[in-house]
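Undergrad: Spelled out from the first residue to the last, the chains are:
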Amino acid sequence: MAKDKLDLVTLEVIRNALPAITNEMSHVLQRTSYNMMIYEVRDYCCGLVDSSGYLLSQNMGGVSHFVSDLGVVIKDGMERYGSKGFKPGDVIITNHQRVAGQHLNNVVIYTPCFVQGEIFAFPVIRAHWVDVGGMSTGFSAGNAVDPWMEGFQLDQIKLYEAGRIDEKVWRILKDNIRFPESSLGDLQSQVAACRLAERRLEELFDRYGRDVVTDAIRQIFDQTETRCRAVVEKMADGTYEAESLFAGGALDNNEPIHIKVKVIIDGSDMTIDLTGCSLQRRAPVNARTLAGAVVAYKCITTPFEPVNEGSFRALKVLIQEGNYMMAKYPAPMASWGRTLPTVVDTILKALAPVMPDKVPAGHLGVLGGPAVFIGTDPRNGQGFVTQSIEGGGWGGRPWGDGESASVSVCQGDVRNAPIEKMELRWPVLVMSRALRQDSGGPGKFRGGLGMATHIRNRVEGRWNLADSGRRAYPPWGLWNGKPGQPSEHLLRLPNEPDFKSVDVVRHWVPADSDAVVITAGGGGWGDPLDRDVERVREDVLEEYISAEAARNEYGVELDSKTLVIDRKGSARLRDELRKARQT
Amino acid sequence: MALHVAVDIGGTFTDLIGYDDETGHVFSSKSSSTPTELTKGIVRCLEKSGMVIRNLVNFVHGSTVAINTVIERKGASTALIVSKGMRDVYKIGRGNRPEAYDLAFKRPVPLVPRHLTFEIEERLLASGEVLVALNTDQARATIEKVAQSDATAVAVCLIHSWVNASHEAELGKLLRSICPDKYSSLSHEILREYGEYERISTTVLNAYIGPRVSTYVTDLERVLAADGFAGSLLIMQSNGGVMSPETACVIPVAMLESGPVGGFIAAARVGKRLGYENVIGFDMGGTTAKTNLVKDGIPQLAHGYHIGGYASGHPMMLPVVDTIEIGAGGGSIAWVDEVGSLRIGPQSAGAEPGPICYGRGGTEPTITDANLVLGRLSASEFLGGEMPLDVEKARAGIVEKVASKTAVSDIEAALAITKIAVMNMSLAVRGVSVERGYDPRDFAMIAFGGAGGLHAVEVARELHIPTVIVPNYPGQFSALGMLMADIQHDYVQTYYRPLAATDFAALQRICDGLIEEGRLRLARENVVPEAMYFQRFLDIRYTGQEFSIPVPVPAEYIDGGDSQAIGETFNEVHERRYGYHTPEHTLEIVNVRVSAMGKRKQLELPVPEQSGSGNPLVGRRMVYFETVAEPVECPIFSRERLASGYRITGPAIVQEYACTTVLFPGDMLVVADTGELVITLKV
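From first to last, the protein sequence lines stand for chains D and V.
Counted from 1, the first sequence has number 472 at position 472 by this note's numbering; the numbering is strictly sequential.
Counted from 1, the second sequence has number 1672 at position 672 by this note's numbering; the numbering is strictly sequential.
Quick caveat, the hints were computed from the structure, so don't treat them as lab data.
The beta carbon of each residue, even a glycine, is placed where N, CA and C say it ideally should be.
Keep in mind that a hint or two might mislead.
Below 20 Å or equal to it, Euclidean Cα-Cα: the simulated SDA-like pairs (lysine to any residue) are [said to hold, decoys possible]:
no., chain 1, residue 1, chain 2, residue 2
1, D, Lys421, V, Leu1131
2, D, Lys262, D, Arg282
3, V, Lys1405, D, Ala242
4, D, Lys421, V, Gly1085
5, D, Lys421, V, His1025
One side only, chain V facing chain D, incomplete, derived with CB under 10 Å [as the list claims (entries may be wrong)]:
no., residue
6, Arg1054
7, Val1057
8, Lys1091
9, Ser1127
10, Val1130
11, Ala1133
12, Asn1135
13, Arg1343
14, Val1434
15, Tyr1438
16, Arg1441
17, Phe1537
18, Gln1545
19, Pro1583
20, His1585
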């Protein structure tokens, strides 16, 4: 192809090349990572951002609430250093909440990429480090009241200058984290992946030239925007509202967080107004993020298309400074992402009347059920953190039952830890990992089942068994569907006969204590009395629901041995249940 | 007379290639697959080829029966037996949703219902110690329940059976005595690698397809025997090796992904014979293009695969030949999306109705239509002239569906279609090479499949691959590869230990144990000791990493406890694959792997008889290459008439029965002594 003119083919080549670069960055990072938050939870994102802060491309898969949030970091870096302030071989590291607005574990690394001596773009990787110092490792800074308690703060620091590492910064980092080999190993993976992306971008520019590539990028943004607009255009104009509650902590007098959303559709424009949500909190659930809105928008517009700056140009997000999702530094942010799945779900709920054939009932609404135990392994004297993210139920859908035991809308390819791996690596015993019967909200299309994972710690240590925020607010039903069963945490010490419900962080227990992480079931979609009786029978056969639930919730009578449906009895029972509702 | 034959049942066609190793005569035939009566189809195919069954000494067979059983969900009603507390592990899986923004995501649908999943009271620790002894009374009672159920197959997979198989083995005995008529699979008989969900899934797949595949294999043996077959029957596996019918009945799961494999075996062999140990196999057919990288004469393997796709498919942990497949075949449809960008596939016009130019009712323009409009395919000599193509219809389709929507001419549109297809295919080739740390410049590309030769030089040029080879019989190359495959069985045993703390005596014992297992299986398959060959691998990673890399390790490193040499080998592989290594970091071993191979007698690759002695230059026509402005009057050659040593400089087109090879201006072709077309690309 000619080097100076953009044509149909070159446009396609560049459209494919940019996501291929960010996906390759992701592959390198994930395969070489030392940290299950990266290799299993995929709590990272890889992007290419141009020097104006526009997102050229971002990897697919992994945690979705990182979508399109790298631009502000680059803009800030450009302001700090200026367009002449970067040299080839520089590596910048930052996690400062002033701009990044997430927990300090999310460490951003980026490197400059030059075209003909001029800075053009930055490969950027944000990844969750297992430790950044502070009061606790892992997810356990859930009661930090400021960033200093949470960990070290790096504000746009050059770790490498022109290819040469700053040994002092490296040593300060190393001495202030608990698992330096893990975090610094991840740092090396991040740098290697950015360097790879620099080479790939240079190849692209060498081949097509700067003008053609920038022209292509502009067209790609435009086309992406057009795709999104085409979807919104089909939705009826109007203002749609919904709200939900999320548990507040003791620091906020247990006052729940209000998530109040308004979605305004006007032609192909969509505005998501979050200004009605709670103000900044004392508990560390604050953030500076548009993720709730952009994830919801992405899900309903172009779920399978690669992400770029055009993906959100037709979306306006209203959110004021001082909102808990746009909090002012130094508000604590250790649990910054906790409410996001519920924010997404609430936006979807608002849109249910305009997209009745697409929107499911409420899902677990939190970032999975985290099973976290911290201890010291007597076999080698080393500290360890057992971590697994357990899925929960998704809401019934307009066309079928919700999926069971799956991670939230903000987590994509996030996998639980295999039992055999947990036991091989850490002194724990997984007694069971099971679906919870009757946990899916009854509906014409039933909510998916939540699960219960029972783990015994074989050495003393500390459990995190805290309410993620939805224990009091179960996943909602839609169109007369019923809510799912809420989440819970149970604990039993070795000398105790029974399990107790707990809400604790870094809670010390002796060896051979038993903890159960219980996740919510999804809400039901549609009236359970309209559910096909045959499906109810299958659910009883598979023990997804009990015979009592079949009778009381679905109005279906079955022979207790043969499970043959009593059709007449069921019809009568359904009539009675309908009548009883009216009174 | 010693006849060898391979029959490859694909989705659309059944291909046969056979030859007589005394006379060198080659037999071949192609017929439509008959999904409902596969064995009859095979016999018909043999009859059509003129081969006499009782004269066959070797019969190698590749079949889609296993994969179709899973995809169509037509397997046995299967029960699953697991450890106490683990009933739902198979249904729960890993809890992930690979399509992050998809509200309508689908998790894998289990092949075993929950009511046929049973728990057994027993528990092992990761060390192999028994925490809870097997409760044989409860086990017996449970198996009685299984016996009374409608399940005809049973899978057993207990927690930590990868380190201690005793409980599983005991259950197996009970199961086989209480319900001897049910097909049973025990996880440790298939693989001993940690990761319960993936191991359960592999074991369930095996049980699920077991009854159907074993019936099929035994039927085939019976039918062949009835016609006097007394040679050896071998079944193609996903790892690039073959196995005996007896083994296929025990681990049918090993043949699930065998479909695309044969061609890559043949690519390795052809490459080797021509002096290229490192080649990239490129197979472009009617619906997809597939690629695999061959290093040191061996197709690269992947350990683990999802049957039916990553997002909602079933994990299968046995090694498979590592291919990347994309929806770009001759029949892939070109379309303009809602914002005006031109896309190719993944929808395909398939064989019916096929591309527009077939004139069988196809209305969507395909890659084949574009090649015809550009003059690269001949309208009158397609399939040796058996099937005339309609160039004007193809042109009209391209104008209507592509050119008019993008404001370009017919030729521009056709060129854009082929170039975008080439770009998509080169991304796939990049995936198996550049992205795994291999420099394509060090490889030759072997192009086969019906459409391989049409685009190979363009794909190769994209990636700076210097040489393209179009082998003999490119249309039946997959079947040909089956004739050349060795017997191969792969074994794995998790051994999780820091490299520095490795007990090499124990490691040696594990290797020896796996080798012994391989030796016994090979012996049962009548492999003589001199033909047996074993290769050891250790899966290694930096301590704390999750993903390990299989590192080939010579026996002397293990026997001599040479952890330094092992570490150095790992660091080299890590550097190549990920662009960096950190020798100061400690290493850990995760798994021990052994490949047990039974070398089969190397057949001399059949050299096609040169038919017709006339002038190989059979005509000229106008062909578009790089640009619209300059169609070239291009010489057309008939491959059948090309003698070895013959040289052609592009632009040129070489036609044969089921394949067309395109040379761009400046590309140079020479016919090898053994008949392959070896093309040196213009830089």
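Undergrad: Take the hints in turn and mark each one as holding or not.
TA: Each hint tested on the structure:
Pair hint lysine 421(D) plus leucine 1131(V) holds up; C-alpha atoms about 17 Å apart against a cutoff of 20 Å. Restraint check for lysine 262(D) and arginine 282(D): not satisfied, since their Cα atoms lie roughly 25 Å apart, outside the 20 Å limit. Pair hint lysine 1405(V) plus alanine 242(D) does not hold up; C-alpha atoms about 42 Å apart against a cutoff of 20 Å. With a CA separation close to 16 Å, the supplied pair lysine 421(D) and glycine 1085(V) stays within the 20 Å bound.
Restraint check for lysine 421(D) and histidine 1025(V): not satisfied, since their Cα atoms lie roughly 55 Å apart, outside the 20 Å limit. Given hint, arginine 1054(V) at the interface with chain D, is violated; its Cβ is 51 Å from that chain's nearest Cβ, farther than 10 Å. A least Cβ separation of about 45 Å between valine 1057(V) and chain D goes past the 10 Å threshold, and the interface hint is therefore violated. Annotation: interface hint on lysine 1091(V) holds; nearest CB of chain D at approximately 7 Å, less than 10 Å.
Hint on serine 1127(V) holds. Least Cβ distance to chain D is approximately 9 Å, under the 10 Å limit. For valine 1130(V), the interface hint is violated, since its Cβ never comes within 10 Å of a Cβ in chain D; the closest pair sits about 13 Å apart. With its C-beta approaching chain D no nearer than about 16 Å, alanine 1133(V) sits outside the 10 Å limit, and its interface hint is violated. Annotation: asparagine 1135(V) was flagged as interfacial toward chain D, and the flag is violated, the nearest CB pair being 16 Å apart, outside 10 Å.
Given hint, arginine 1343(V) at the interface with chain D, holds; its Cβ is 8 Å from that chain's nearest Cβ, closer than 10 Å. This hint holds: valine 1434(V) has a C-beta 9 Å from the nearest C-beta of chain D, less than the 10 Å allowed. Taking 10 Å as the C-beta cut-off, the interface hint given for tyrosine 1438(V) is violated, the closest approach to chain D being about 14 Å. About 14 Å separates the beta-carbon of arginine 1441(V) from the nearest beta-carbon of chain D, more than 10 Å, and the hint is not met.
For phenylalanine 1537(V), the suggested interface contact is broken, since its CB lies about 17 Å from the closest CB of chain D, more than 10 Å. A least Cβ separation of about 5 Å between glutamine 1545(V) and chain D falls short of the 10 Å threshold, and the interface hint therefore holds. Checking proline 1583(V) against chain D by beta carbon gives a least distance of about 12 Å; that is not within 10 Å, so the hint is violated. A hinted interface residue such as histidine 1585(V) counts as satisfied when its beta carbon comes closer than 10 Å to some beta carbon of chain D; here the least separation is about 7 Å, so the hint holds.
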